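Between the sequences and the hints, there should be enough to build the whole structure, so can you do that?
Taken in sequence, the protein lines are chains A and B. So in the UniProt record's numbering, the last spot in the first sequence is 499, and the numbers never skip. So in the UniProt record's numbering, the last spot in the second sequence is 499, and the numbers never skip.
Hints are not guaranteed to be accurate.
Any copy will do: because identical chains look the same in the list, a pair fits if it lies in one copy or spans two.
[Claimed, not checked] 27 Å max Cα-Cα, derived BS3-like pairs, lysine-lysine:
(1) 9 to 35
(2) 495 to 434
(3) 97 to 66
(4) 14 to 35
(5) 187 to 326
(6) 478 to 66
(7) 317 to 209
(8) 450 to 35
(9) 94 to 213
Keep in mind that the hints were calculated from the coordinates and are not lab data. Nothing here was measured: the structure is a model prediction, and the numbers come from that model.
Chain by chain, the residues run as shown.
Protein chains: 2
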Amino acid sequence: MSPAFEKFKAYLDKLNHYSRVINLLSWDMYTTTPKLGFDGMAATDTYFSTEYFALYTSDEFYELVKTLNEPEEYEQLTPGYQFTVRKYKKNLEKDRKIPKDFYERFTAARNESQRAWTEAKNAADFSIFAPHLEKMIEYTKQQLAYTDPGKDVYDTLLGLYEEGMDSTTIDKVFEELKEGLLPLTRKILSAPQPDSSIFKGYYDPDAQKKVEKLLLSYMGFSFDAGVTAESEHPFTDGFSRYDVRVTNHFYEDNPFSSMFSAIHEGGHAIFEQNVDPALTGTAADDCCYMGVHESQSRFYENILGRNRNFWIPIYNKVQELLPELKRFSLDEFIRECNHIQASFIRTEADEVTYCMHILIRYEIEQAIFRDHVPASELPALWNQKYQEYLGITPANDAEGILQDMHWSDGSFGYFPTYLLGSIYDGMFLEALEKDLGSVDDILAAGEIRKITRWLNENIHWYGSLRLPKEVIEKVCQKELSAKPLLNYFEDKYSKIYQL
Amino acid sequence: MSPAFEKFKAYLDKLNHYSRVINLLSWDMYTTTPKLGFDGMAATDTYFSTEYFALYTSDEFYELVKTLNEPEEYEQLTPGYQFTVRKYKKNLEKDRKIPKDFYERFTAARNESQRAWTEAKNAADFSIFAPHLEKMIEYTKQQLAYTDPGKDVYDTLLGLYEEGMDSTTIDKVFEELKEGLLPLTRKILSAPQPDSSIFKGYYDPDAQKKVEKLLLSYMGFSFDAGVTAESEHPFTDGFSRYDVRVTNHFYEDNPFSSMFSAIHEGGHAIFEQNVDPALTGTAADDCCYMGVHESQSRFYENILGRNRNFWIPIYNKVQELLPELKRFSLDEFIRECNHIQASFIRTEADEVTYCMHILIRYEIEQAIFRDHVPASELPALWNQKYQEYLGITPANDAEGILQDMHWSDGSFGYFPTYLLGSIYDGMFLEALEKDLGSVDDILAAGEIRKITRWLNENIHWYGSLRLPKEVIEKVCQKELSAKPLLNYFEDKYSKIYQL
Numbered sequence: 001m002s003p004a005f006e007k008f009k010a011y012l013d014k015l016n017h018y019s020r021v022i023n024l025l026s027w028d029m030y031t032t033t034p035k036l037g038f039d040g041m042a043a044t045d046t047y048f049s050t051e052y053f054a055l056y057t058s059d060e061f062y063e064l065v066k067t068l069n070e071p072e073e074y075e076q077l078t079p080g081y082q083f084t085v086r087k088y089k090k091n092l093e094k095d096r097k098i099p100k101d102f103y104e105r106f107t108a109a110r111n112e113s114q115r116a117w118t119e120a121k122n123a124a125d126f127s128i129f130a131p132h133l134e135k136m137i138e139y140t141k142q143q144l145a146y147t148d149p150g151k152d153v154y155d156t157l158l159g160l161y162e163e164g165m166d167s168t169t170i171d172k173v174f175e176e177l178k179e180g181l182l183p184l185t186r187k188i189l190s191a192p193q194p195d196s197s198i199f200k201g202y203y204d205p206d207a208q209k210k211v212e213k214l215l216l217s218y219m220g221f222s223f224d225a226g227v228t229a230e231s232e233h234p235f236t237d238g239f240s241r242y243d244v245r246v247t248n249h250f251y252e253d254n255p256f257s258s259m260f261s262a263i264h265e266g267g268h269a270i271f272e273q274n275v276d277p278a279l280t281g282t283a284a285d286d287c288c289y290m291g292v293h294e295s296q297s298r299f300y301e302n303i304l305g306r307n308r309n310f311w312i313p314i315y316n317k318v319q320e321l322l323p324e325l326k327r328f329s330l331d332e333f334i335r336e337c338n339h340i341q342a343s344f345i346r347t348e349a350d351e352v353t354y355c356m357h358i359l360i361r362y363e364i365e366q367a368i369f370r371d372h373v374p375a376s377e378l379p380a381l382w383n384q385k386y387q388e389y390l391g392i393t394p395a396n397d398a399e400g401i402l403q404d405m406h407w408s409d410g411s412f413g414y415f416p417t418y419l420l421g422s423i424y425d426g427m428f429l430e431a432l433e434k435d436l437g438s439v440d441d442i443l444a445a446g447e448i449r450k451i452t453r454w455l456n457e458n459i460h461w462y463g464s465l466r467l468p469k470e471v472i473e474k475v476c477q478k479e480l481s482a483k484p485l486l487n488y489f490e491d492k493y494s495k496i497y498q499l
Numbered sequence: 001m002s003p004a005f006e007k008f009k010a011y012l013d014k015l016n017h018y019s020r021v022i023n024l025l026s027w028d029m030y031t032t033t034p035k036l037g038f039d040g041m042a043a044t045d046t047y048f049s050t051e052y053f054a055l056y057t058s059d060e061f062y063e064l065v066k067t068l069n070e071p072e073e074y075e076q077l078t079p080g081y082q083f084t085v086r087k088y089k090k091n092l093e094k095d096r097k098i099p100k101d102f103y104e105r106f107t108a109a110r111n112e113s114q115r116a117w118t119e120a121k122n123a124a125d126f127s128i129f130a131p132h133l134e135k136m137i138e139y140t141k142q143q144l145a146y147t148d149p150g151k152d153v154y155d156t157l158l159g160l161y162e163e164g165m166d167s168t169t170i171d172k173v174f175e176e177l178k179e180g181l182l183p184l185t186r187k188i189l190s191a192p193q194p195d196s197s198i199f200k201g202y203y204d205p206d207a208q209k210k211v212e213k214l215l216l217s218y219m220g221f222s223f224d225a226g227v228t229a230e231s232e233h234p235f236t237d238g239f240s241r242y243d244v245r246v247t248n249h250f251y252e253d254n255p256f257s258s259m260f261s262a263i264h265e266g267g268h269a270i271f272e273q274n275v276d277p278a279l280t281g282t283a284a285d286d287c288c289y290m291g292v293h294e295s296q297s298r299f300y301e302n303i304l305g306r307n308r309n310f311w312i313p314i315y316n317k318v319q320e321l322l323p324e325l326k327r328f329s330l331d332e333f334i335r336e337c338n339h340i341q342a343s344f345i346r347t348e349a350d351e352v353t354y355c356m357h358i359l360i361r362y363e364i365e366q367a368i369f370r371d372h373v374p375a376s377e378l379p380a381l382w383n384q385k386y387q388e389y390l391g392i393t394p395a396n397d398a399e400g401i402l403q404d405m406h407w408s409d410g411s412f413g414y415f416p417t418y419l420l421g422s423i424y425d426g427m428f429l430e431a432l433e434k435d436l437g438s439v440d441d442i443l444a445a446g447e448i449r450k451i452t453r454w455l456n457e458n459i460h461w462y463g464s465l466r467l468p469k470e471v472i473e474k475v476c477q478k479e480l481s482a483k484p485l486l487n488y489f490e491d492k493y494s495k496i497y498q499l
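Following this line, the structure appears as structure tokens:
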């Protein structure tokens with residue numbers, strides 16, 4: 001250990017302690033904190049977040065990071081620390097260009113904007129949120145003018161969430177997908193549909209919790225290195241590969257929601273639990289590319305979880321734990337899991353129409369940053385696109401443009417990563433079947449852990465070390481393409497809907 | 001706000017942020033952290049605990065505290081801040097006398113001792129723990145030689161947990177109790193006993209959780225300012241009056257344990273939820289006297305919870321939530337709640353023999369610090385006293401001297417506060433009935449909230465502002481005495497056991 005690395009390591013450990021408690025405070029606020037305790041937790045969160053930012057952007061740390069990027073130091077580092085000092089240097093060069101007072105104003109405006117969004121959504125009234133959205137757009141542009149002057153704003157935003165994926169690349173695959181998917185979706189939507197109403201009934205939330213645990217264990221989630229909890233919206237929160245937490249929400253009248261959320265979040269969690277332990281404590285110890293991360297949750301949720309064979313070995317056990325399901329045959333159950341419907345809410349959409357929800361958002365984000373469409377005109381644009389792609393128009397803004405919180409805190413450019421994840425999945429499925437043979441057969445034999453192991457070894461192990469394009473290249477030995485996903489949809493739904 | 005107070009307040013807020021995250025880390029480790037995540041959480045806990053101690057004992061803070069103790073500053077402070085600066089001055093004067101290297105050695109030895117205790121308990125082999133216990137005794141004496149030179153060690157220890165209660169006072173009331181209670185206990189134990197075996201069966205843990213929530217609400221626990229969780233041993237953890245958390249443990253074969261733990265911890269929690277809001281953020285905002293705190297948990301658990309009338313308004317609801325109880329009449333149920341038995345494990349003892357468990361520990365602590373009995377001789381002393389007071393001898397050290405963890409981390413002098421709590425309860429019961437009339441009638445009428453309100457107004461509201469002796473004086477207008485508790489036991493159990 002060189003003296004410079006020793007100093008850097010001590011500083012990094014300290015930063016890691018700070019981010020751990022910031023993470024823990026947020027975990028607690030989402031899962032546990034009672035109503036009246038929220039202000040106290042939030043004040044402590046603000047305190048440590050501010051301290052963290054000061055430590056992270058300090059001259060002292062920046063100097064250490066620069067020193068470790070010098071060749072004679074850099075070459076001695078392990079890949080995890082090389083990644084860390086490279087990433088921090090790049091980020092700090094940018095972040096240190098943001099004036100402190102601007103940062104504070106942006107933070108304050110973001111908090112106000114989130115509050116206004118909540119109010120607007122509850123009132124189903126976009127006009128409450130519009131001025132804040134306008135501000136978020138302006139502040140975002142301003143921030144990028146500091147950090148990435150002269151670069152295309154929307155491309156830079158996309159790179160924040162999925163490094164190396166610019167709009168040229170994304171346009172190409174999204175167009176490819178849209179061309180094939182629009183006609184397929186229209187065919188599906190006009191075909192005869194199953195009767196969802198047979199699933200009306202009461203599904204004991206305590207029993208659903210037991211099913212969640214069964215599903216997670218079955219997939220390969222480690223309860224030695226993870227826990228489950230409840231929250232308003234399901235999410236995954238990792239402290240390290242040794243402590244990865246998933247949450248869920250249990251609806252009394254819906255047995256599917258918590259099952260597919262469990263499988264989805266389980267996919268995120270299995271990723272984080274299986275990163276190379278040598279990366280622990282470095283910036284590469286989880287996956288910072290949202291598309292790649294999402295590809296894993298969606299692979300489990302859709303490619304595996306919505307496959308009839310996934311359920312063959314466990315459907316009896318699920319029925320034992322949740323006896324209300326005994327009324328339904330496996331065929332009825334799985335038919336409902338693959339029920340394709342035009343609907344308004346992205347997070348509740350099936351795997352096919354989900355793509356449309358993202359395409360719409362991607363096009364609107366481009367309208368914002370490329371065509372400078374003002375906030376006030378966005379609801380009309382939103383509704384027009386829903387009519388065009390899904391043939392439906394939201395009754396109000398709450399089930400329209402106000403449904404997602406992403407834009408309220410300035411997370412522009414995030415949405416496309418969801419669809420990128422699905423597009424990667426099509427390619428991963430091809431690669432996996434080339435290596436292991438038919439997924440149908442593996443699942444039917446109850447050998448899902450074989451698939452998990454393949455994902456562990458080919459994707460999870462590397463944490464953030466490989467950029468998204470490198471992941472695709474290494475795993476699939478192919479250029480990124482939406483074709484495999486399209487083929488998967490066409491094969492699957494032609495059979496199901498007898499097209 | 002004087003400039004000195006302003007500085008002090010900013011420093012105190014910072015300390016409060018630190019203690020909040022230390023508390024949260026510990027809460028998470030007890031309730032949530034998965035097995036493999038424990039080391040990560042513990043490392044962060046150590047980091048912030050060390051930082052906290054450095055901030056708390058810094059010259060800067062000590063100077064601020066001293067300044068605010070000057071009359072011209074002190075008189076301007078609210079009672080909560082007066083208490084805070086007084087307490088901190090006293091504690092800092094002592095704590096700053098502890099050499100840093102001694103403190104570190106003690107901390108390391110304490111960790112080793114706790115580990116050795118766990119190992120010894122699992123192996124039921126006291127010899128593994130004996131050298132560590134010897135060390136804990138030595139370090140404790142050494143620490144008090146720094147902080148309280150020339151004072152009686154055991155009296156000083158007692159004062160750490162129940163300020164103002166020295167062994168002269170405690171000896172007097174414990175003797176008073178023992179004299180009456182020993183013959184009563186012997187009479188009870190030789191009377192005919194109910195048949196506990198009828199309660200054998202399976203009691204759904206999920207249903208028990210629902211009963212817990214019912215009991216807590218019924219007593220007056222606020223779920224807006226509190227939550228429930230699970231842990232190996234039940235405990236209460238308060239972040240402020242706005243966020244007080246209780247845990248429980250649910251045994252499939254025992255419906256009583258979780259119910260009485262819920263009522264017990266609920267008593268602690270209702271205390272903390274009802275401290276004067278003006279004290280929030282000061283050192284007086286919870287109760288730092290363990291005996292007074294325990295008096296409230298034990299008042300709910302024993303005086304109220306083991307009273308037949310407590311259950312009259314809710315037994316039907318409890319049976320609805322936990323249908324396995326429908327087999328038992330209220331009389332059978334309550335009879336088992338008041339089943340007095342000689343048993344080995346303190347935490348599972350009934351309210352009468354519980355007192356004996358504490359008397360034994362109190363006498364052994366005196367043997368350690370006054371008669372200098374070496375650790376190696378303590379198991380024999382322990383077993384001899386169990387034979388003398390309860391007529392039973394533990395089969396091994398795990399159900400004997402190794403059962404409690406208190407001595408493993410040097411918490412000598414803590415045990416007596418449990419019994420002080422019960423003795424206070426006898427007196428509080430008298431005072432409460434003088435004010436409100438018969439507790440039986442209030443409970444039978446389903447008006448337990450009246451009792452809660454009386455406790456809120458007379459005890460909880462003051463947090464730590466009143467010393468234990470002042471609490472007794474203000475609430476009971478009497479000297480401390482064990483007579484009321486004895487009277488309560490005699491009345492109640494003469495009827496139940498038809499003595």
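Verification of the hints:
no.: 1; hint: 9 to 35; result: between (39 Å within a copy, 26 Å between copies)
no.: 2; hint: 495 to 434; result: within (22 Å within a copy, 80 Å between copies)
no.: 3; hint: 97 to 66; result: within (16 Å within a copy, 43 Å between copies)
no.: 4; hint: 14 to 35; result: between (31 Å within a copy, 23 Å between copies)
no.: 5; hint: 187 to 326; result: neither (32 Å within a copy, 57 Å between copies)
no.: 6; hint: 478 to 66; result: neither (36 Å within a copy, 71 Å between copies)
no.: 7; hint: 317 to 209; result: both (13 Å within a copy, 24 Å between copies)
no.: 8; hint: 450 to 35; result: between (44 Å within a copy, 25 Å between copies)
no.: 9; hint: 94 to 213; result: neither (43 Å within a copy, 51 Å between copies)
When the structure is compared with the earlier hints, violations turn up for hints 5, 6 and 9 and for no others.
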